Each structure stands twice: as structure tokens, then as C-alpha cells.
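Peer 1: What follows is the residue order along each chain.
2 protein chains.
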Amino acid sequence: MTNIKEIKSAHKRLKGFVRETPILNSPFLDEIAGRKVFVKAECLQHTGSFKFRGGWSAISAIKHDERNNGVLAISSGNHAQGVAYAAKSFGIKAVIIMPEDAPTLKIDNTRKMGAEVILYDRLREDREAIGLKVSKERGLTQIKPYDEPLVIAGQGTCGLEIAIQSKMLNISEADVIVCCGGGGLTSGIALALESEAPKLKVRTAEPEKFNDVALSLENGKITRNNSLTGSICDAILTPEPGKLTFPIMNRLCGSGLTVSDDECLNAMYLAFLRLKLVLEPGGAAALAAALFRSDQIKGDSVLVVATGGNVDTKVFSQAIKNYM
Amino acid sequence: MTNIKEIKSAHKRLKGFVRETPILNSPFLDEIAGRKVFVKAECLQHTGSFKFRGGWSAISAIKHDERNNGVLAISSGNHAQGVAYAAKSFGIKAVIIMPEDAPTLKIDNTRKMGAEVILYDRLREDREAIGLKVSKERGLTQIKPYDEPLVIAGQGTCGLEIAIQSKMLNISEADVIVCCGGGGLTSGIALALESEAPKLKVRTAEPEKFNDVALSLENGKITRNNSLTGSICDAILTPEPGKLTFPIMNRLCGSGLTVSDDECLNAMYLAFLRLKLVLEPGGAAALAAALFRSDQIKGDSVLVVATGGNVDTKVFSQAIKNYM
Chain R
1 MTNIKEIKSA HKRLKGFVRE TPILNSPFLD EIAGRKVFVK AECLQHTGSF
51 KFRGGWSAIS AIKHDERNNG VLAISSGNHA QGVAYAAKSF GIKAVIIMPE
101 DAPTLKIDNT RKMGAEVILY DRLREDREAI GLKVSKERGL TQIKPYDEPL
151 VIAGQGTCGL EIAIQSKMLN ISEADVIVCC GGGGLTSGIA LALESEAPKL
201 KVRTAEPEKF NDVALSLENG KITRNNSLTG SICDAILTPE PGKLTFPIMN
251 RLCGSGLTVS DDECLNAMYL AFLRLKLVLE PGGAAALAAA LFRSDQIKGD
301 SVLVVATGGN VDTKVFSQAI KNYM
Chain Y
1 MTNIKEIKSA HKRLKGFVRE TPILNSPFLD EIAGRKVFVK AECLQHTGSF
51 KFRGGWSAIS AIKHDERNNG VLAISSGNHA QGVAYAAKSF GIKAVIIMPE
101 DAPTLKIDNT RKMGAEVILY DRLREDREAI GLKVSKERGL TQIKPYDEPL
151 VIAGQGTCGL EIAIQSKMLN ISEADVIVCC GGGGLTSGIA LALESEAPKL
201 KVRTAEPEKF NDVALSLENG KITRNNSLTG SICDAILTPE PGKLTFPIMN
251 RLCGSGLTVS DDECLNAMYL AFLRLKLVLE PGGAAALAAA LFRSDQIKGD
301 SVLVVATGGN VDTKVFSQAI KNYM
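The listed protein sequences correspond, in order, to chains R and Y.
Take the first sequence: its position 316, counted from the start at 1, is 316 in our numbering, and no numbers get skipped.
Take the second sequence: its position 313, counted from the start at 1, is 313 in our numbering, and no numbers get skipped.
Chain R extracted, bound-state conformation (with noise of 0.2 Å):
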């Protein structure tokens, strides 16, 4: 199980080769939600998103040998990017699983960034399958995106950054609304926050039809979604919580949030407009909790991670253009 022990070693390891992303307000989204809004920007971070934190923790505490034989993740995002980019700075070798019908664009950025890079047949074939093969046959460590302690203690980076930051800024006590998938950078968030700043609570933001982590904290166990496909926020659709996550954030976060995926694109608007950052939908869905449901939060603080940026640019040309 993963604790705060670990996530400090790990912020220890990443010292130097993760950014420090910053907190930015404006007083136009604190008149939108009716308090202050800070937002943690960790599409800043290297590769665009938080995923490089637990990518580059993972792989900095492989033992020296089996690193150098390499890694693999099997994925077709911002987890793919993040353990392609943490292994090229290790230099060492990165494989990575991908669908066939991936966008063109994302196969050759997880290339470029010097990946191999596995193609499978979405419908015929079994990527976990083509994983383990791939794995045993060449000695390769197989990253998994979240439901792996290491990876868990590298999102949590981003947790000791926001109880540092969130002192120097007075906030003392807030919601902390994480955009949320398999629950790997919101778990990690709170066992940091818990230990560092504790008055500061974790919450998670979801899609409608895909707010399997708010049922199930409702729930009091994990309940999976009954939609597998239908938003546009691709970078946290999961079927259900992490076995290794869901625990920590049942223990820990308060209720979830869901908003629509309008509202998503409305917030990457005024996150545009207001902050001159480039979100991507599911990166903002923690935003759009804060600025539209605001009747479900409290305090006259809210602190928001957006988690990603890599938005395909139809889809953002379209979210500037609907809300302007």
C-alpha cells in the first residue's frame, strides 16, 4: 500500500526532472463560482499532463539492471507519452501498446519521443495479452497507469506540491477537485494531503455516465459504469476505480462530482480566456465542477487540478468557438 513515506522518496527521485507547475486564479472564474479558484496546472507539466510524475517514479525506482532491459505500457494517451518521455531521459528503451485506430498524431508524438511502438487489432486481439508476451520475451518492466504503488506515490508529487504552494497562497482549508480516472493522481493527492495538509479534502471530478468513482464512494465499494464509450473526455473514461486506489480514496476523499461534457468545454474556454492554458476535456472537468456546481462545494476556497492538455485541435477550436 502506498504512504506518504513513499511519496516523498518519490518526490525526492523526481527533483530536478519534474516541474513544479504553477497555481493560477483570476478574478473572472472566482465571480463564476462565488469564491476563490485556484488551479493547479499540471498540463504544464512535461509531456502535457501529470502522467510523466508517476512514469518517471515508476521507472527511477526499477533496480539498475532490469531498468536498463527497459519498459512497456500498454495505452493510447497521456500515460503512454509519460513513460515514453521518462524512459527517453533515462535513456533506455520504452515499448508502447497501442491501438491500431489510435490518432495518427498520438502514434507518431509516443515515436518521436523515441518509443517503440506496438500496433493491436482492437477487436481481435488482447493488448494485456500482447503485453505479458512482450514483457517476458525481451525483459521489459511493464508500467501500469495507476494501479501500481510507485505510480500511485508519483502522482502524490503533485500532492506535497499543492500543501506547499497552498500555505505561501492562505488557503488553509478547500475542497480539492482532481479530475479522475482509475484514481492513481487523486489517491496519490490525498495520502499527500492527509499527511501534509490535511484540512485540504480531496474530491473527484468525472463525466456524466462515466462517474464510476463517485458511485462508488456512494456505494462504499467499487461499482462499475454501465456506458464504456460516449464522452469526450477520453483521458479519464475508466470502467471502474483501481483495486489498489479505490481503498485509499474511500478512506479519504469526500463525495464526486460529475458535470456534463458541455460543461467541460466551457470550461476549457475560460480556462483560454482567463488563464491562457490549453486544457483537453477530461483535464477539465475538475474546472467545470468548480465553476458550475458550485452548490455542491463549500468554503470560500476551491483548489482545482487541471490534469491534461493534449486536446486534439478540431475539439478545441470547437470549445473556443461555442462559448466566445
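Keep in mind that the hints were calculated from the coordinates and are not lab data.
One or more of the hints may lead you astray.
Note that identical chains are pooled: a pair holds if it fits in a single copy or bridges any two copies.
Said to hold, decoys possible - Mimicking DSS-like on lysine-lysine, the simulated pairs with C-alpha atoms at most 25 Å apart in a straight line are:
(1) K36 x K88
(2) K167 x K15
(3) K106 x K36
(4) K36 x K15
(5) K36 x K298
(6) K221 x K144
(7) K167 x K12
(8) K199 x K112
(9) K8 x K321
Treat the numbers as computed from the prediction; the structure is a model and nothing was measured.
Chain R is already provided as a structure; the job is to place chain Y on it using the hints.
Peer 2: Chain Y in isolation, oriented as in the chain R frame:
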């Protein structure tokens, strides 16, 4: 004449009020430029541009009694917002003189920041005369946009941050390219780096036909642009460098760089895609120079100051559509 002592004094006054903006980078930008590109993201400063530094620096230095009477600025752009927001944070009145044909959004934003906006007719009225009259009548202190020692000192704090951050990033020798209008930021940064990091050499970036600073540096004397309209880089269009800023730039800066409007739009797209930053055309000129004038730059690294992000939504949307 502004000197390093005044910049350090401004830095002390601004502590806790100004944002220390991050320096970002991306391997994809390095590849285009053929060297490491570091981007100081001043678009993330309060009000979306570096202008807050100078505004706050000037207001914080006014004697208490005088300050309470309020301040005045003549600007339709970033200086207006910087001064208005700085005045608001001091709880004092700001009067901003804007042309009546300025975009409604800019007028509204300035008002929402608590400023009183006085509109004038660009063709029939003299804004300087209005500014003088209103200042006198109401006892307001006028804050000039660049030819004012306290403003130059405030902008220079950006240079102090660059000196510290570049050491942490192991950048020992590099060109520092600054998007340049009247030269307040450029001369402030040049003074700060002369003292704190003399191997970082400041150079200006300007749009074609508005490269008055590049021409002035070449001629060794203040040289005026032939054109006064016709570029999308509205934030940095000035007829000629300032009387106070030019001697500093002439003593400390390398040759000026000139880029096209299209190159600025392309740089905006790349900042969107690779850094998750929103830049305005004038705020992207330095990045455009680093990416597309690499033959005129030496060394393994280049640092650019992305000065602002207050871009019209339509212009931004067009930029990312054109280049995606």
C-alpha cells in the same frame, strides 16, 4: 536612469504579489529550432501579460497620500489591464483612457477590474491631452507604459527570475529573445541580466514593418517605423523605441530579429500544441524568432520571453486551424 538596485527594490516590493512564471520547453520545439528552446511563460502572469509587473512596481512606489488619489493610464491593451489590476489590489482608483473603437471585451474587462474607463475619439481627440487634463483635475498619478524608470524596474524583475531559473536549468550562455514594443521589458531584462547573468544576451523580436528597435539598434539612434498599422501583433506595435529604454537597449542588446505575422501565428500554434500555452501574436514573436530565424542565433540554447496571451478568440482559432 533605471539600474539594478531599482530592479531589486521592485523585486522586493512585488514579492508575494507577482507570479514567478515558469520556464517551459519541449523536445518538439528543440527539433524545429535545432537547439534547446526555453520559454519564459509571462502569458501566465496576472492579467495575461508581463505588464502587471511594471504597473504594480510603479503604483507600489508612489507615496501613500498621493497613491490614495488613484492612478491613470492611457492604453487599450495589456498596460491598461496590468495597471487596473494592480490598482485594484492596492484598493485605489484607476482611470484608463481608451479609444472608443477598442474591442468591447477589452473595455468590459478593464471595467470589471474595477477601473473607470474614459473613452475618446481616436480621430478628433488627443489622448495625451485628455490624460493630462484628467490627471490634473483629479490628482491622479499617470503610469506611462514604458518610458518610466519604475515601470522599467518592474519589468526588469522578469530578468531577475530568468537569471535564477536559467542557473537551475544549467543554461550558462544563450540569447534571450524578448518580444519588443517600446522597450520597457527588453531594457529591464537587459539591465537585470547584465548584473546577474552577463552571459545571457538580450535580443529583440519584432514584426516585419514594425522593427523600429532592430533598425534603431542597427543605426545606433532612434529610428521610426514607416508604417503605423498593418500587423496583427498589436501588443508590440510602437512607432519608435522609448527615450529612456533605447540607450539601455543600445548599450546591452544584440542585433534585433524580425519575423512575419504568419510566423507568429505558427509559433502560437506550436505553443498551443507543445507547451499548452495561449499566446497572442505579439507575445509569440520571440518564439517565432527562435524557431524560424535559427540561422541568426548562436549557441546550444535559446531562451524566449512569451510576453502575453490576451488574444482575440477568432484570431487564435484561425491560427490553430491554419497550422494543424
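Peer 1: Each of the hints needs a verdict: does it hold here or not?
Peer 2: These are the hints, each one checked on the structure:
1. Taking identical chains as interchangeable, the C-alpha atoms of K36 and K88 lie at most 25 Å apart only when they sit on different chains, with a minimum of 16 Å there against 39 Å within one chain.
2. For the homomeric pair K167 and K15, the shortest alpha-carbon distances inside one copy (20 Å) and between copies (15 Å) are both at most 25 Å.
3. Taking the shortest Cα distances, K106 and K36 sit within 25 Å of each other only across copies (23 Å), while inside one copy they are farther apart (36 Å).
4. Proximity of K36 and K15 under a CA criterion of 25 Å is satisfied inter-copy only: 21 Å between copies versus 30 Å inside one chain copy.
5. For the homomeric pair K36 and K298, the shortest alpha-carbon distance inside one copy (11 Å) is at most 25 Å, but the shortest distance between copies (45 Å) is not.
6. In this assembly of identical chains, K221 and K144 lie within 25 Å of each other by CA distance solely inside one copy; the values are 22 Å within and 62 Å between copies.
7. Taking the closest pair of Cα atoms, K167 and K12 come within 25 Å of each other both inside a single copy (20 Å) and across two copies (20 Å).
8. Taking the shortest alpha-carbon separations for K199 and K112, neither the intra-copy value of 42 Å nor the inter-copy value of 32 Å comes in at or below 25 Å.
9. Within a single copy, K8 and K321 get their C-alpha atoms no closer than 43 Å, and across copies no closer than 43 Å, so neither meets the 25 Å cut-off.
In this structure, the earlier hints numbered 8 and 9 are contradicted, and the remaining ones agree with it.
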